[in-house]
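**Student:** Chain by chain, the residues run as shown.
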Amino acid sequence: MHEVLDQEPQVRRRSHQRGRIVAYVTSPVVVLLVFFIGPMAVLGYMSFLKFGIAGVGGYTGFENYHDVLTDTTFWQVLWTTFTIATVAMIVMLVFALPLASVLAFKIKRFEIQLLLLLVLADQLNPLIRVYAWRILLGKNGIINSALEFLGLINQPIASLLFSKTAVVIVTSAEYLAIATIPIYAALKAVDPSMLEAANDLGAGMFTRYRKILIPLAAPGIFVALILVYIPLFTEFLTPALVGGTSGFMIGNYIEQQILKTGNWGVGSAMSFLLLIFSVVFVGIMYRLGRIGRLQTATTTST
Amino acid sequence: MTAEAVDVERIADRRVLVSARRREIAGTIVRGAFLVFIGAVLYGPLLILVIFSFNDSIIIALPLEGFTTKWYQQVFSDPLVVEALKNSIIIALVVTPVCIVLGTLAAVGISRFRYILRAPVAGLVGAPLVVPWLLIGVGGLLFFSRLHVPLSLNTIGVMQVVSIFPLVTAIVAARLVRFDTSLEEAARDLGATQWEVLRYIVLPLIAPALAASAIFAFSWSFNNFTISYFTAGFQSTFPIWVFSTLNHAKNVPIVNAISTLVAAVQVVILYAAWRLSRHWQARTGDNALTPEMVI
Numbered sequence: 042m043h044e045v046l047d048q049e050p051q052v053r054r055r056s057h058q059r060g061r062i063v064a065y066v067t068s069p070v071v072v073l074l075v076f077f078i079g080p081m082a083v084l085g086y087m088s089f090l091k092f093g094i095a096g097v098g099g100y101t102g103f104e105n106y107h108d109v110l111t112d113t114t115f116w117q118v119l120w121t122t123f124t125i126a127t128v129a130m131i132v133m134l135v136f137a138l139p140l141a142s143v144l145a146f147k148i149k150r151f152e153i154q155l156l157l158l159l160v161l162a163d164q165l166n167p168l169i170r171v172y173a174w175r176i177l178l179g180k181n182g183i184i185n186s187a188l189e190f191l192g193l194i195n196q197p198i199a200s201l202l203f204s205k206t207a208v209v210i211v212t213s214a215e216y217l218a219i220a221t222i223p224i225y226a227a228l229k230a231v232d233p234s235m236l237e238a239a240n241d242l243g244a245g246m247f248t249r250y251r252k253i254l255i256p257l258a259a260p261g262i263f264v265a266l267i268l269v270y271i272p273l274f275t276e277f278l279t280p281a282l283v284g285g286t287s288g289f290m291i292g293n294y295i296e297q298q299i300l301k302t303g304n305w306g307v308g309s310a311m312s313f314l315l316l317i318f319s320v321v322f323v324g325i326m327y328r329l330g331r332i333g334r335l336q337t338a339t340t341t342s343t
Numbered sequence: 003m004t005a006e007a008v009d010v011e012r013i014a015d016r017r018v019l020v021s022a023r024r025r026e027i028a029g030t031i032v033r034g035a036f037l038v039f040i041g042a043v044l045y046g047p048l049l050i051l052v053i054f055s056f057n058d059s060i061i062i063a064l065p066l067e068g069f070t071t072k073w074y075q076q077v078f079s080d081p082l083v084v085e086a087l088k089n090s091i092i093i094a095l096v097v098t099p100v101c102i103v104l105g106t107l108a109a110v111g112i113s114r115f116r117y118i119l120r121a122p123v124a125g126l127v128g129a130p131l132v133v134p135w136l137l138i139g140v141g142g143l144l145f146f147s148r149l150h151v152p153l154s155l156n157t158i159g160v161m162q163v164v165s166i167f168p169l170v171t172a173i174v175a176a177r178l179v180r181f182d183t184s185l186e187e188a189a190r191d192l193g194a195t196q197w198e199v200l201r202y203i204v205l206p207l208i209a210p211a212l213a214a215s216a217i218f219a220f221s222w223s224f225n226n227f228t229i230s231y232f233t234a235g236f237q238s239t240f241p242i243w244v245f246s247t248l249n250h251a252k253n254v255p256i257v258n259a260i261s262t263l264v265a266a267v268q269v270v271i272l273y274a275a276w277r278l279s280r281h282w283q284a285r286t287g288d289n290a291l292t293p294e295m296v297i
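Heads up: the sequence lines are chains A and B, in that order.
Following our numbering, the numbering of the first sequence begins with 42 at its first residue and continues without gaps.
Following our numbering, the numbering of the second sequence begins with 3 at its first residue and continues without gaps.
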């Protein structure tokens with residue numbers, strides 16, 4: 042009896058709900074379909090077209106991909122990009138882990154203030170930040186002129202700027218805040234008594250990091266990898282300003298193909314390969330992060 | 003127990019205490035030095051930039067040559083700088099509200115209902131967060147040229163919206179999932195329309211997240227370089243102007259001055275936002291804004 046009575050409003054409610062969902066979701070979805078999926082589709086489409094000095098030359102199949110994959114410069118640039126991004130990521134994690142743990146466990150009074158300083162560093166204009174590093178590292182820059190002024194060196198160290206090292210230093214500083222925050226958030230969820238117990242039982246700093254802090258921070262580390270490694274890999278601004286020719290990364294190569302050479306077909310093919318790489322990388326990290334979270338959940342519950 | 007034994011024990015105890023304290027002090031010093039180092043890495047270069055913006059020399063090198071404000075005067079007499087700044091501010095002022103609206107709609111649509119297409123919709127909204135800005139920029143350039151849309155401030159703005167509103171969705175959705183839907187259901191059962199539910203229940207709940215999103219969306223838009231660089235026509239924005247200036251001349255003191263000004267304004271805005279959030283907290287007892295400010 043009741044069921045029959047209840048059915049009518051439920052049906053009405055369901056159709057109401059459908060109307061509400063449509064009202065909320067339509068505009069964001071349409072914007073993304075047109076201006077996000079659209080450009081990505083055009084990118085994919087153009088990677089199969091031939092472009093020359095005369096303009097568009099029609100469909101060429103996988104020729105652009107063939108050109109990219111047999112181009113030795115591409116592989117060199119890719120290797121440079123991989124080494125810079127990976128080294129910078131490792132450097133960042135080496136500093137982000139202790140920083141996050143100090144912020145999460147050791148600072149009591151100024152925790153929020155220090156976090157805000159971290160966020161602020163990330164919110165300041167990246168161009169200004171990269172440029173500031175350039176003043177510091179340049180051949181006539183502050184570090185060199187200070188060393189010369191103090192009489193420690195006779196000639197400026199030329200390799201400070203426009204090198205791989207410069208790109209690693211500047212990108213590490215640039216992304217440090219974004220790498221630290223998710224690790225901090227993961228550690229904040231940890232019971233600090235666990236670390237104290239390890240400390241009381243006489244675990245050294247290294248053991249404490251390896252056995253306790255890193256496993257507990259793992260979910261945050263995977264988030265940091267997702268947030269930082271892909272932007273780092275496709276970084277264009279920093280190598281353009283401080284990288285010179287030896288710090289030339291894949292982002293610069295794509296920009297050169299698209300904006301300078303006008304080789305849109307090859308540029309699109311490279312971009313599309315990079316897109317596939319990004320999606321695969323994020324997928325893997327997401328999976329690993331979930332496994333990591335499950336493991337922490339089980340180890341903390343047992 | 004003899005008196006000597008008690009004494010020995012007490013001394014041993016004190017020794018342990020003293021060594022523990024010593025270790026603690028050493029730890030504090032190491033931590034302090036570490037934090038100072040991180041601070042120097044994050045803010046040191048900027049501080050030097052500020053100092054050199056007042057230095058009376060066209061060459062940016064030590065030793066300092068004397069105090070001047072002439073670079074600041076030059077900033078405002080350079081029409082290109084003023085134009086670039088104006089463009090950046092206009093874009094940010096348009097992009098921010100659009101992103102807030104789209105981002106909030108998507109957040110409510112994803113986190114408040116259960117339906118078959120929910121996962122694909124969430125995936126679509128999350129996708130621009132995964133795709134690098136470089137590719138969004140390049141894709142936008144090719145897309146607009148394919149459709150014969152001339153590049154302008156509009157094309158910059160559109161592509162910025164695509165990359166920024168999903169971030170607003172993430173912030174707002176994180177806030178929404180902390181409240182269950184019972185309030186909204188109660189309001190609906192009492193006969194509230196969807197608009198009334200949104201206006202009187204949902205919006206007050208997510209107000210702190212919206213405030214945080216507004217600040218972040220503005221600075222993400224203002225700071226954006228990569229997407230803007232590829233989708234810009236002849237008009238430049240502030241980051242594009244800095245980039246092209248640095249690529250033509252090596253170190254221009256005028257860049258120091260304008261960078262200092264922009265950084266100062268950004269610091270003031272974020273500080274004001276933080277104070278406002280503290281004020282809000284004290285008034286409503288809602289301590290939810292701080293985490294949103296941080297993430």
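In case anyone wonders, no lab produced these hints; they're calculated from the structure.
Glycine included, each C-beta is placed from N, C-alpha and C at the ideal position.
Any given hint could be a false lead.
Label pairs and their computed distance ranges (CB to CB) [what the hints assert, rightly or not]:
#	chain 1	residue 1	chain 2	residue 2	range
1	A	Y250	B	S147	44 to 52 angstroms
2	B	K72	A	L300	33 to 41 angstroms
3	B	A176	A	G324	20 to 28 angstroms
4	A	F151	B	F181	25 to 33 angstroms
5	B	A22	A	I325	25 to 33 angstroms
In silico EDC-like pairs for lysine to aspartate or glutamate, Cα to Cα no more than 16 angstroms straight-line [stated by the list, open to error]:
#	chain 1	residue 1	chain 2	residue 2
6	A	K147	A	D163
7	A	K229	A	E104
8	A	K149	B	E26
9	B	K72	B	E85
10	A	K147	B	E26
11	A	K149	A	D163
Listed next, the stretches of chain B that the computed footprint assigns to chain A, with coverage defined by at least 3 CB atoms under 8 angstroms from CB atoms of chain A [unchecked claim]:
#	segment
12	38-46
13	258-270
**Student:** Can you list which hints this structure breaks, lowest number first?
**Tutor:** Numbers 5, 6, 7, 9, 11, in rising order.
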